[in-house]
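Protein chains in written order, with this note's numbering: chain A, 11 to 302; chain B, 114 to 537.
Please keep in mind that the hints were generated in silico from the structure rather than gathered at the bench. Treat the hints with care, as some may be off.
List time: in silico DSSO-like cross-link candidates among lysine-lysine, alpha-carbon distance up to 30 Å [to be verified]:
1) A:K153 <-> B:K376
2) A:K73 <-> B:K329
3) B:K376 <-> A:K73
Treat the numbers as computed from the prediction; the structure is a model and nothing was measured.
Below are the chains, spelled out letter by letter.
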Amino acid sequence: MTNVQRQSYPYWFLLPAFAIFALMFLVPTGTGIFYSFTDWNINTEKINFVGLQNYRELFTDKKLVAALWHTLVYAFSVTLLRNAIGLGLALLLNTKVKLRGLFRTVFFLPYMISPIIIGYLFTAIYHPANGLLNGALRLVGLKFMAVDWLNDPRYALLSTIFVDVWRTAGFSMVIYLAGLQMIPTELFESASLDGARYPQTFRYVTFPLIAPSLTINLTLSLIGTMKVFVMILVLTNGGPGYATEVINTYVMTSFSLGLYGQGTAANMLLTLLIVLIGFPVLVLLRKREVAL
Amino acid sequence: MTRKLSKLIFAMIAMATLLPLAAGAQSKVTLTMVVPNTTNTAAYEQIFAAYKAKTGVSVEIQALPAGEEYGRLMQTRFATKDYPDLFEMDPGTKQYIKFRADETLYDWTDDPIIKRIAPSTVDFQTLDDKIYGIPWGSTGSYGIYYNKAVFKTLGKTAPANWADFVAIAKAAKAAGIIPLYEAVKTGWPLQVFSFAGWTTFVDPAIGDAGVRKLEKNELRLNEIPAFADVLKRQFDLYKAGYTQDNVLSGTYEEQQELFGQGKIAMSAQIPAFMFALEQKFGKQFVTDNVGWFPLPSDKDKGIAMLSPAGQILVPRLTKNYKAAADLVRFMTETANVNILYKVLPGIPVYTEATSVLYPAQADVLSFVKAGKAKINVQNRLSSSFTDYPKLLQAMFIDGNIQSVLTQIDENYRKTGKARLLPGF
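The following block holds chain B by itself, in its conformation from the complex (with noise of 0.2 Å):
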């Protein structure tokens, strides 16, 4: 009897330990992509599904919280050396000094793709001789995005400057419509703000030779008005009433919701707001009823900002990175950046891409032939604006804009120094 049951104990084991073993080696592999969770994963799906049907391996898509917390997550989990197969990142050589790519990152800087690449944007993307991202996406701009037929109702287009984008405002006001509304609780969409003013209001006043001596630390944030400007701009707005009621509630998806039925006038945004609009509301109401403007300045309508495309980074120090950049490959071919761009359309930056723009895409690029656009600063400067949604969080709560103002100085030296960039 007890060698029976001996004997059983013993199959049962057996059978427990070959069963996952059999079933493992049955599997091919599955590569995983982790993007920020305001992705539209419609394209990846269509390019996914291909690239299995081709060569039978299979994406699984992670999303994480977006925003600045995402870049923290991935720099953690790179520290853990619990890398994703290939992951989103935002655009610009800055992510290859905080994820040190010359030892973690996969090298493209030889690879066939790179010169499928319009050639600006490869220069944006090489630092010393170096490319470890490959782009991914459109050309874009933060600014404000308006609801045409709002605009219509009250009678106003575009403005052609400050004194017309607050009399708008006011005529939203007056209407019972949210003239601007600020995602505070959110927390990333207040930044969006002072990002898109930078270019209007603080590029003018410090030139490209300012934005270089902060990347070597030689200027302090606190120490430049024309910032200090965009941000009582932005706290001047809201103590105006022009923002929504219970601001510090406003989350992202009530921002959407209400800009789609028409409750609001203007939302100071990212191109990932349109595709959220379009998820919700469908592409005829983003084609009919979304535009764009800068941030207009005191004479004139303004600077638009542009985010250049996002990229892709591939870890090397995966059992699968052959397999990733493989995937990669595949999907930077002509027909699945098409498939991209079909989903997002955008300013391409494959050469050979097609794409149909959305007005208020067409509305960003006028600015940009007409000479009348700057990149995010962000992406000019390696350190970061750290913390910088608590920041503002804490602007909107006290109003007090120079103590705001010296933390960002001081967590953008910190960050500076952290990251050991020369001259912090």
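Only chain A is shown next, with the shape it has when bound in the complex (with noise of 0.2 Å):
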């Protein structure tokens, strides 16, 4: 075996994952960039090139600028609550709390159950005369709060967003609790000894050192938020009027009224949107990560 063979070897085992990466991603992306450029519609037979102009109609469209900032508010709000929720509970988990098993299997539940199901179970919670919430609300004499948590447009996004991070809280708790079973005790014991109280614990010892658990809560929850799609159909289905819409569903809206062209146009834009957000987002969280 020549010199030249042996330095090649490892890359030819790389070439079958090579080749499915290319099949399923490169080659689907790169015939969405071609796409977004023509006026593919379901009614046209032969497909032209326009330049630029799905992308120039798409930023004169009030919907996909509504989308956009949809998408915007429901992927920072999601994002930042889930994380501060699922730390909390990786932190209180981590200790030695009574049932402590069974608490961690509660709250990682939600993650398992289809979001389809949470939608619907949520459109009957936030019922306005007959759902549990505003039940429950009523009954300790809130009743000035039971809203329209779904149909009125000032708590429509909120709601779907809270949906969302109950069921995704648990996912990030896991991820924490990960990161947090990895920290070596002794830290915590000469921080003990060293006088530091439980504030300056987690600031100079836990904080930093579930770094990474960190950067990958962020930067998935991030990517996954700016994706959201299911959740907001069930529960809203961009409603009311245009009030939760975003990019996914204004995405769904061009293809299923056969403007191909224009919808992946929309769709190139969120992955622009997701790479321009996500791919900062990584490089600062990494460069800030401790080597345990």
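Build the complex: two chains, separate frames, hints provided.
In structure tokens form, the structure reads like this:
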């Protein structure tokens, strides 16, 4: 075996994986980029190149601008809340609290349920007249807070955000728990000997050492929530009106209208948005990670 | 040992492969028919059972979400070549354009069925001397369906003009009854008010010439004051408190329930509303308690909006298209269309068919006979009021009628352009 053969040898093992990646990701992305510059729609036989026309039309469409804004609000809100709650739960369940195994399962359970089922469940819970939430609020004398959670445009997006936080906080908790359990106990013991209190221990020991968990959680959460679709579709279908329209529901509408070129262009915008936000976040977080 | 194991594995693989094939060989053809999920399928079930008894061919009914979404889903299925064997669709030749009929649909032009259909319906279904859709159902009407028992309690009858209509709403509200239920969350029922109002308010204002201009994109929807006026009337009723509380969470299902329970005086609805009520509250309820009137004008009772019978389309690019066409021929035999009209009474489109009309349908017929009826504008235009339910939801939220009109107009022109219609 020559030196060149020896050096290239490992790359042959990468070939099958790369072929699958190219087939399932690179080719669809490439064709997607191509079609976003065409007038492809359900009524045309011939597809024509139209340059940036689809993108120009997208940016002059108030619905898409609103959808972009809702997507960003949704993504950042869910990411922050689910991480804050997930971290809180992880810290709590990393102590010697009774039934912690049971609690870990209970908090993780919503993540195992299909978003469609959760969506239908919360449609019933949020019902303004017969829902569990408003029933409970009325029972404890908070009738003024019993609003139309999913159909009042002031609360609709907030309500969908809450459902997704409830569903995914347990997943963040599991990742933080894994990070917490990797921290050597000696570090806590020496901090304790040095007289550090809990807030100081958390700030100077725990938080820096769970940085990899934070990176994973924030990155996955941001990317995942920017792609939100099912939860919105089931809970509000982008409504009332366009109050909870996100990019993916906009894309779905474009496709269902047969405007495939425009729908693909909107999809490309979403991809770009994910790269523009996700990549810098990932780079920043990786920089501050502390190696254990 | 290894050889035995190999034989066993081989035998298992062979069985796993051959068993489904054998099962498949035994089963007869199963056709799939797609319908909107608001369809009362009782007539289909009876007819399909008779067809299975006669031919051994089973028919499976697939229900998809109704309204605008239904058309979109069907178009998407066509685009991906996921054709059903046959499907229900809104009436009119607009559907031929949407589904590129000359390439994809079975041509019925010379079929004997056509001779048994009312000539006006045949005309309505003909485009460039071709017929691709077989009419199915009856002529109905969008309009205001009212609970006669509630009206009796209020001491009211069908309104003679708009002022009367508002007075009824006022009386209902005073009596603790919901005057007009708006299914805002469901979406599609929101359109009914303005489409029913179009024949009363917009048609007299722009005339047939105006509709022809819309067809050619020579008139803008947001420049028709009478159309803005219809939307304003709908919104004003809401602002005056003549709709239910929590209007934004109103659903079609709740509308049926409350109407049947006598908690709603009026509902702007489509003919299928009666059949849904019949399923829930029985035939007697619909016969005794459901009345109909068009949206009244300021001066008179208004003009009825007619919704022509729907149609059945058969994609001809499926392997079962001949069997599907045979099924349609069977469905349209006199005995079978009579089953349809027995289950879903209405003004028949088949010349030899008979139907006993509900009183609400007789109300519609009286307007037709008086020459006070016009076909739904949606069925007279080749483009569509795309995303109309959502835009009307937005109107209920912010009340900005002009903004809604502008978007309706933009969507109408955008859809016309996408459908490659002349003038767009």
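Hint-by-hint comparison with the structure:
1. About 24 Å separates the Cα atoms of K153 of chain A and K376 of chain B, which keeps this hinted pair within 30 Å; it holds.
2. Distance hint between K73 of chain A and K329 of chain B is fulfilled; the C-alpha atoms sit about 27 Å from each other, no more than 30 Å.
3. About 37 Å separates the Cα atoms of K376 of chain B and K73 of chain A, which puts this hinted pair outside 30 Å; it is violated.
Hint check: a violation occurs at hint 3 only; the rest are consistent with the structure.
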